[in-house]
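With these hints in hand, go ahead and build the complete structure from the sequences.
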Amino acid sequence: MVMGGGFVIGLLVLIFLLVLLAAAVGIGIWIYRQNTSDDGKSTRRMTGTAEEDPLEVLKRRYASGEISRDEFERIRDDIQR
194 MVMGGGFVIG LLVLIFLLVL LAAAVGIGIW IYRQNTSDDG KSTRRMTGTA EEDPLEVLKR
254 RYASGEISRD EFERIRDDIQ R
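With the numbering used here applied, the sequence shown corresponds to residues 194 to 274, in that order.
FYI, nobody ran anything at the bench for these hints, they're computed from the structure. You may find that some hints are simply not true.
Stated by the list, open to error - What follows is a set of in silico ranges between Cβ atoms, one per label pair, in the way DEER data are often shown:
{"#": "1", "residue 1": "Arg274", "residue 2": "Arg254", "range": "15 to 23 angstroms"}
{"#": "2", "residue 1": "Glu244", "residue 2": "Asp271", "range": "17 to 25 angstroms"}
{"#": "3", "residue 1": "Arg262", "residue 2": "Tyr225", "range": "37 to 45 angstroms"}
Claimed, not checked - In the EDC-like style, the derived pairs of lysine to aspartate or glutamate whose C-alpha atoms are separated by at most 16 angstroms in a straight line are:
{"#": "4", "residue 1": "Lys252", "residue 2": "Asp263"}
{"#": "5", "residue 1": "Lys252", "residue 2": "Asp271"}
{"#": "6", "residue 1": "Lys252", "residue 2": "Glu264"}
{"#": "7", "residue 1": "Lys252", "residue 2": "Glu266"}
{"#": "8", "residue 1": "Lys252", "residue 2": "Asp270"}
From a predicted model like this one, the values you see are computed outputs, not experimental measurements. Each residue gets a CB set at the ideal place from its N, CA and C atoms; glycine is no exception.
Next comes the structure, spelled out in structure tokens:
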């Protein structure tokens, strides 16, 4: 029988867990870098911007089929008031 076998197994488990932790941290850093630009701001974009005309956004949504004609007309009337 080998004496100290439990120590070797414990050491291997510790090494495995450290490698697993390092991989998780590495994946987290990679995801963070994929979703931010160099200045730290998010690279995700919203469908409309503050400079975009609300009526143009509405027309685009209607043209893509996202909203019905009734919804388009109701929202258009609200915007034009």
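Going through the hints against the structure:
Restraint check, Arg274 to Arg254: a C-beta distance of roughly 19 angstroms satisfies the suggested window 15 to 23 angstroms. About 20 angstroms separates the C-beta atoms of Glu244 and Asp271, a value consistent with the hinted range of 17 to 25 angstroms. Arg262 and Tyr225 have their C-beta atoms about 43 angstroms apart, which keeps the hinted 37 to 45 angstroms range intact. A C-alpha spacing of about 13 angstroms is found between Lys252 and Asp263, which places the hinted pair at or below 16 angstroms, so the restraint holds.
For the suggested pair Lys252 and Asp271, the alpha carbons sit about 14 angstroms apart, so the restraint of at most 16 angstroms is met. At roughly 11 angstroms between alpha-carbon atoms, Lys252 and Glu264 fall within 16 angstroms of each other, so this suggested pair holds. Under the criterion of a C-alpha separation no larger than 16 angstroms, the hint pairing Lys252 with Glu266 is consistent with the structure, at around 10 angstroms. Under the criterion of a C-alpha separation no larger than 16 angstroms, the hint pairing Lys252 with Asp270 is consistent with the structure, at around 13 angstroms.
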